[in-house]
Structures are given as C-alpha cells and as structure tokens.
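2 protein chains.
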Amino acid sequence: MSYEKLKETFSTLYNLNHLGSIAYVDQAVMMPVGANDARSKAMGTLSKITHEMITDSTVGEQLKAAEDDDLSGWDAANLSCMKRRYEAATLLPSDFVAKQTEITMNCEHLWRQLRHENDWKQFQPALESVLELAIEEADIKAQHYGLSPYNALLDGYEEGLSTERVDTIFGTVKPFLIDLIPTVLEKQEKEFKSFDFDEVFSIEDQKSLGLEIMGHIGFDFDHGRLDVSHHPFCGGVPEDVRITTRYNTDEFGSSIMGVIHETGHAMYEQNLPKDYLDQPVGHPRGMLIHESQSLIMEMQACRSREFTSFLLPKLKERWTLKGLDTDEDLEMLYLKVKPSYIRVDADELTYPLHIMMRYEIEKKLISREMTVADIPEAWESYMQEFFGLSTKKNGDYDYADGCMQDPHWAFGGFGYFPTYSLGAMAAAQLFAKAKEENSDCLSTIANGDFIALNSWLNKNLRNLGSSKTYDEILTDATGSDLDPQYFMTHITKRYLG
Amino acid sequence: MSYEKLKETFSTLYNLNHLGSIAYVDQAVMMPVGANDARSKAMGTLSKITHEMITDSTVGEQLKAAEDDDLSGWDAANLSCMKRRYEAATLLPSDFVAKQTEITMNCEHLWRQLRHENDWKQFQPALESVLELAIEEADIKAQHYGLSPYNALLDGYEEGLSTERVDTIFGTVKPFLIDLIPTVLEKQEKEFKSFDFDEVFSIEDQKSLGLEIMGHIGFDFDHGRLDVSHHPFCGGVPEDVRITTRYNTDEFGSSIMGVIHETGHAMYEQNLPKDYLDQPVGHPRGMLIHESQSLIMEMQACRSREFTSFLLPKLKERWTLKGLDTDEDLEMLYLKVKPSYIRVDADELTYPLHIMMRYEIEKKLISREMTVADIPEAWESYMQEFFGLSTKKNGDYDYADGCMQDPHWAFGGFGYFPTYSLGAMAAAQLFAKAKEENSDCLSTIANGDFIALNSWLNKNLRNLGSSKTYDEILTDATGSDLDPQYFMTHITKRYLG
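The listed protein sequences derive, respectively, from chains B and S.
First residue of the first sequence: 630, per the numbering used here; consecutive thereafter.
First residue of the second sequence: 630, per the numbering used here; consecutive thereafter.
In isolation and in its complexed conformation, chain B is listed as follows (with noise of 0.2 Å):
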C-alpha cells in the first residue's frame, strides 16, 4: 500500500529530525562558541539531506496513488499532513533550504554575540542577508499557494492564518488596549503596593521551585527535563521535551513564570497523538496553538488567584518577600502593569502591543516598504507611540533591549510574532470554555492540582495533534472561531473587575 510506504518514509524523517532537535537544544543550552561553524554545516547537511527525501518523486507518486487507498479518520487526515508537507518542500530547491539554514544558524549564532554588546553595525548585514532568503521563500510560496508573500508566511506558522484576519483582531484589540492601559495604571498607582525585597533569590530556590510547579502542571520528567539557555524556549522531541530558563538572583517572578510558560508547551507535546507521533498527522499544529498552551498555563491558569493561593506557602518557605504576606499581594506583583523595553519581561496587557509593533514592522520588510536599515527608527517610534518610551541612551539607539532583543528575526521567523498574542487569545476562549464545562479546572488548581485542566486539554486540543486546522479546534471545542472577545473579557475582569 503505498500509504504504508509513505509512513514509513515519514518515520524515518522523523528519526532524524530528532537528531536535528536535540543538536539544536545542545547548541542552546551546552554548546561552546567555536563549535558554531561545524555545528551549522551538521544542521544545514540534515536539512539538505531530509529535503532530498521529502522531494523525492517517489514520495509525489506515492502521495498519487495513495489517493485510492480508501483511508479515512487520522490516516486520512495524515495523508493530507503529508501532502501539505510534500508541496511545501518541493516549493523550495535543497540548495535553497540548505543555505537559508546555514544563514541563519549564524546569524542566530552572531545575534548571541552581538546583542551583548549591543552591536547592530555587524548585526544588520547578516539580519540583511537572512531577510532576503525569507522575502524570497515567501515570494515562491507566495505564487504557488496564490496568496500575498507575508500570508505564505503566516501559513508556514499557523495552516489558515492570514494578514486580514490578524489586521481584524488586532484592529479591535489595539484600540482596546491602548484605551486602557491608562487606567489600568492609574487604578494600579491607587491599589497596588510596590515590593522592594532586599534579599539574593539563589538559582538552586529558583530551580528547585521550578521543577516543583513543573511536577504539579503534570511535566514528566521521564520524558523531559529543565535547563537553562540564554533565550528561554521548549525544544527536544515529543519522548524528549526540553524546556530551558534563565534566572536572575536579583528576583524570582520571571525565572518561574518562563518555566510555567514553557511547561504549557511541553505538556502539548508531551501529550501529543502517542500513536501517531512519528507522522505528520500527530506533530502539534501552529504556533498559534501551541501558544495557547504555554499561555493558558502562564496567563490563565498561574496568574489566577487559585494558583496565587497554592504558590505563596511554596514562596515563603525559599523566601523573607518582605511585604508580600497575602495572595493579593501576590497578585499584585503578578498583575502589575508597567510599560517597558522588553517583550518577553511584558504583562499581559502591553505584551501584544510588543507584537502588534513586531507585525507591523515584519510586514513592511517582507513588503519591501521597509529595510533593515530602517528598524531601529521604527522601533523607536512605536516605543514612543505604544508606551511613551525611547530606545536612545547616550545619542545611540539601545539595541540590546530594543530591536535586538529577540532572535526571531535572526533566525528567519518572520510571521512567527503575531502567533504569541492570537495564542494570547486563544488560551482565553479555551479557558473560558474548560471552566464552563467543568468547574474544577480552575478550583483544583488551588491544590496544586491540574488533573481537571489537563484532562480537557487533551481532550480537545493536545491529543489531537494536527489532524484538524486551528479554526476547527478552537470552533470544535469552544463554539466559535478564534474570537479576541474573550480575551477582552478576561482583561477587563481581572484589571478593572
């Protein structure tokens, strides 16, 4: 049956990506700077190599006569996985693939380097050649799929994202936000209490509070594991989940919700299809889902007052945290809102003003309206627009925490961006809807306890890997497409409520 060959095709695909995924966490987490080149060369010959087999016309006439195997259910919806994947390599030639990965393992590599010294002179000409491979990958897919260049790349993150759906939401939540952040603020400058702990929050209390709350989410470190990396991210392999962090003696908050954002992510994968790992069919879908699920742990689950309750004890055991005695104390350093440089450090209400600056840029680059040249004064205007910050320090730009902040870029990820805040906003629909169809997702979570949450998680989303698109997910569990009114909702409760 040439499905079967097709599988097993795809399975060996996915062997050795898995290589490619734990070199690529290596590279993060313990790989020494002078290994980059032939690290680059390793990763650029796998892609190549996996390229080949993918694009082999064997596969394109097995797809063909598949088409008669009279499949239905996850093996159907694998078949038209495994199209999709086919049509999106034999787009691009193996050359092509090869020197964009080797170009941008480098200019990731550089942007390492060079963001610490708040370099963007040597930064820009390699961001320059990365953005060129990426306008031209998106004009090829571009004038194959029938779609505008910045749309290929939307669909390369999420399958059915388009500019004119996120220009929609994020035309109504833009207003929004910048409506009322103020408020916020000035109810914030009221209410809230300022912490000031004059106390060192030891990387050992951080980790070993970390993996705590890894432990509770339901993370099995059987299959996973928690280190550290200089840009937080979840990497490895469904059997194999890594999620990195990086902490900061100086305070305890970041360290710990990075490491429940990532955990959301690694429970996707490590709750993925466990029959259809190897298949395209059980590979998590978009970015704009499994956004969601880092963020329906970060933003929905751990900033409730629930959590608070059950994470203040587990606080103060590790910590004096003068001052902070009550769970709304607790809350108020979570909730706190405060307009600021850096996206990843952003609450929940300025983070997608981060993104929606990003997008806005990103587009224009794509587009050509715009250089890379051009960024670091676009970036100081909408600082100055969005937050009534400026990026200038001593005449010169910071770019270290302004337009060089996030290697997205660097590694090619145009596109990527706008998925953070839909997930934003998909985590809010779906945690609306779990709390409505069983109560104790949330009240258990005062315990410690996330079997309700998980048990829905999975029901609807994570064991279904990609065998429905994003809209089919998010209508399929929660009655609606992607809707930006419940994480409006949500926002105004728990800032206004």
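Calculated directly from the structure, the hints in this document are not laboratory data.
There could be a bad hint or two in this list.
Where chains are identical, the list cannot tell them apart; a pair therefore holds if satisfied intra-copy or between any two copies.
DSS-like cross-link-like pairs, simulated, lysine-lysine; straight-line CA separation at most 27 Å [said to hold, decoys possible]:
1. Lys-822 - Lys-945
2. Lys-1021 - Lys-903
3. Lys-677 - Lys-728
4. Lys-634 - Lys-670
5. Lys-677 - Lys-636
6. Lys-903 - Lys-1088
7. Lys-967 - Lys-945
8. Lys-712 - Lys-677
9. Lys-903 - Lys-670
10. Lys-1122 - Lys-1062
11. Lys-903 - Lys-728
12. Lys-1021 - Lys-1088
13. Lys-677 - Lys-634
14. Lys-1122 - Lys-677
15. Lys-822 - Lys-1122
16. Lys-728 - Lys-634
17. Lys-1097 - Lys-836
Note that the structure is predicted; figures quoted are calculated from it, not measured.
For chain B, the structure is supplied; the task is to place chain S on it using the hints.
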C-alpha cells in the same frame, strides 16, 4: 574529478555523524530515561542512512575512477582511508549488521541489569549469541583481508595490529610485571604512608580543579567542555570535544586523574589536521594511538614529580588533606600499587595484567578453543595466577566484579582490550622521546605549562590524523616501532628508582 566527488560524500557523512556524536553525548549526560526508545530509533536510522550512503555503488565506482586522479600526499592517503572505509562497510551484508546491532544492543542492555544482580546464568546465552556473530564477522573479514580471524578484529581497532605483535610484546612485559610487582609492594609497604582524609571533597571544588588543570594542559574551551556522566568518556566532534567525569565526594583522586585522562584524548581530537577534519584521513588513528594520548597525560606527564609539585598547592588551596604535605606524599597517593579485582580502578603496574588475561581469553573465544561457559573458571585461574586473588564468594563466583565487570564483550568489542595496554607502552615511548628532544616537555610542567609537550605531540602525532599507520607514527616520531622496553624502563625508574 572522482576524488572531489568522494570528498563531498565523505564530508556529508562527517556532518551527519556530527549529529550522532552529539546525540550520543546528550544521551550519556542529559537524556531522561524515558527517551531511550525514541533515541535508539533515531540513532538506528542515522546508522542505516549513513551505511546506505557509503555503500552506494557510485562510491565504489568513484573509488576505482579516482585511482587515475594522480593524487599525492594527504589526498593519496585520504583516498586509501576512503577505500578502507568503503571496504569495511560493504564487507558485511546489511542484514548481518542489523542483526548484530540488535543482538549486541540487547546484550549490553542485559549486562547493565544482570551485572548488578551477579546473574551469569542469564547473561551467558546472550553473550554466546554475541560471540557467534563476532566470530562470523571475524571470518568474513579474515577471508577478505587474508588475516586470521582474531587479527581481523584487532585490525578493526588499530589498522595493522596483529596477535603476533601483541604476543611478542605481552610475552616480554608479563613476566617483567609478575616479577616486579611483589618487589614494589614490599618497597611501598616499608616506605609509603597511608592517608585517611576525614573531609568532604565537594563537587564544586573538584570541578573547578578539573577545569583549571584542563586549561593548563591546553584544552580549548571554545571547542569543548567538561560534563558529568556515569561512565567517563571523551566524545563529541573535533570542533566540539565533550569530556566527562564522575565525582565522589569521599575522595578527589579519581575524578582529577579521570579528567586528565580524557583531556589527553581531547587534545588529540582538538589538534587533528584542521584542513582534513571532515575527511577520513583527518580522523584520529585507531584506539592504540588514541589511548597513548590519554595515557601520556595521565600516566607520563601528570604522575611526574614535576606535575605533583604543580598540583599540590592547588589541592591545598581547596582541601585540608591531613598528612599530605609534600610532593613525595602526593606521589605516594598516586603511585600506590594494589592488586585488585576491577580493571578501571587498577594502578599502572597491575593494569596491563588485567588486559593480558582478557586478551588471552578473547583470543581463545574467537578461535573456539574456549566457550563462553568456560570464562568464569578461566577468570578465576588468571586472577589467582596474576594477583593471588580469588573471585569466589560463598562458594560461587563474584561475576559482577569478575568476568562481568566490563561492557566490551557484551557490545561485541572483541579485539579492543589490548589497545589499552599497548597505548600505555606507546605513551612511555613517545614521552621518553619528547623529553629527549626537548627537556622542556617535562620540566615546564612544574609550572603548569604544557606548551613544549603539546608542540611535540602536535607535530609528531596529533596533526597527522590517519595519514600514517600506528607503526609509522611511532617509528617516525621515536626512531623505532612499538617497543615495550620504554614502558619497562619507565616503570622500573618510577617504582624502584
């Protein structure tokens, strides 16, 4: 040019094997247990893909055609290394390789459990299957290369090595050691202090010392790192050499000497010929030469009086070490001889005897003069003869610390053991010559300066890769082929001098 095409193929193989090497390190250092199945599948797929690549018929054709390419120097040597790899890969039918992989992996897996349970009965049949396949492999190779079966296996670990050679060398060294050891024991009994350090050797302190010594030896931390694993090893790739150790807070000696040993291996890898790293000729020579590089550091350079005088203040900075106050004291600790059961814990004098008994046994196993069932009795009789020790405990053998202590036979590594002791002898020979040519090779070690020694080793050995055989390397570097007299002179001077 056919040769250029071959270079591309071998470079691709190198890049793919990079990922396998890193995944192997990850498995030993980082991987959670539950990931084992997925990782095994991934590694199996990589082996299959690379085996298919190297045995592709076009490679055979190109190798023939490349004979007309008029190559010389490194390229000629590279072509002959390529041929050897191609031949070795094509000799064994892929069904045989698959079966052998499955059976040896299973036996090594069983060994891990059964050694712990001292269960020889269950282990024996598994080892019998492994031996049968090893004999089959030896026969196939023997027929092709016109060697005896055991020589064919030896040749797989160090090209050109033969039993005739090993028998001659071991035949000289064995009586020498058996004669010498009682004299040394008696001398040490009279002259050596014994130590009882009543303190905790923290992992942090041991690690910082290990890193400091690695730096002095010349380890390039931009291209490698030190981690922890259950069994110490040197892995990774020449551009990113990963060495590991294990820490025991009851003592400091074995982790430090372990680090020095693996650093010796690493220095070889890090100083292979840069322009040929991705080609077979740029790979390290066989296990004999590799082991000479770990032992020249561990046994020659770093058990010298020069090194102990350099090391002592570093130890005293960290620990009290009651009673250990002089260079002589430290030497007593590091040169203490004690016949014992466990090869990996053995001292410099008894270690070769551990190897010789394994060598005698495995030769007879491959020639069918002995069966797996005969091993425990043979083991007992060698232990009695060489060390005056019995492996019997309460009427039965202590297999765990006897013939089941090593994984080598379980993973089918017949022919591997002799390279350990031959490596020790090569190390003595190389070090004697290095000192003779430049006395700084030893004297500057007193200041923690390994530059002269590294420079000599780089020029005479490390930078040569696989461009010469082990015998050519030794002859060109020292003026004679492998000669155990250097080892015996070194031992006599160190232990009776």
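Do the hints match the structure? See the list:
Taking the shortest alpha-carbon separations for Lys-822 and Lys-945, only the intra-copy value of 18 Å comes in at or below 27 Å, while the best inter-copy value is 51 Å. When the C-alpha separation of Lys-1021 and Lys-903 is checked against a cutoff of 27 Å, the pair qualifies neither within a copy, at 50 Å, nor between copies, at 44 Å. For a Cα distance limit of 27 Å, the shortest separation of Lys-677 from Lys-728 qualifies both inside one copy, at 9 Å, and across copies, at 26 Å. When the C-alpha separation of Lys-634 and Lys-670 is checked against a cutoff of 27 Å, the pair qualifies only between copies, where the shortest distance is 18 Å, while the shortest distance within a copy is 30 Å.
In this homomeric assembly, Lys-677 and Lys-636 come within 27 Å of each other (Cα to Cα) both inside a single copy, at 20 Å, and across copies, at 17 Å. For the identical chains of this complex, Lys-903 and Lys-1088 are intra-copy neighbours only, at 13 Å inside a copy versus 54 Å across copies, given an alpha-carbon limit of 27 Å. In this homomeric assembly, Lys-967 and Lys-945 come within 27 Å of each other (Cα to Cα) only inside a single copy, at 25 Å, whereas the closest approach across copies is 52 Å. When the C-alpha separation of Lys-712 and Lys-677 is checked against a cutoff of 27 Å, the pair qualifies both within a copy, at 19 Å, and between copies, at 25 Å.
In the homo-oligomer, the alpha carbons of Lys-903 and Lys-670 lie at most 27 Å apart only across protomers (15 Å), although the nearest pairing inside one protomer, at 32 Å, exceeds that limit. When the C-alpha separation of Lys-1122 and Lys-1062 is checked against a cutoff of 27 Å, the pair qualifies only within one copy, where the shortest distance is 16 Å, while the shortest distance between copies is 81 Å. In this assembly of identical chains, Lys-903 and Lys-728 lie within 27 Å of each other by CA distance solely across copies; the values are 23 Å between and 34 Å within a copy. Proximity of Lys-1021 to Lys-1088 under the C-alpha cut-off of 27 Å is found in neither arrangement, the shortest distances being 49 Å within a copy and 53 Å between copies.
Proximity of Lys-677 and Lys-634 under a CA criterion of 27 Å is satisfied in both settings, with 21 Å inside one chain copy and 17 Å between copies. Taking the closest pair of Cα atoms, Lys-1122 and Lys-677 never come within 27 Å of each other, the shortest separation being 50 Å inside a single copy and 57 Å across copies. For a Cα distance limit of 27 Å, the shortest separation of Lys-822 from Lys-1122 inside one copy, 20 Å, qualifies, whereas the shortest one across copies, 76 Å, does not. Within a single copy, Lys-728 and Lys-634 get their C-alpha atoms only as close as 30 Å, which misses the 27 Å cut-off; across copies the closest is 19 Å, which meets it.
In this assembly of identical chains, Lys-1097 and Lys-836 lie within 27 Å of each other by CA distance neither inside one copy nor across copies; the values are 36 Å within and 50 Å between.
Checked against the numbered hints above, the structure violates hints 2, 12, 14, 17; every other hint is satisfied.
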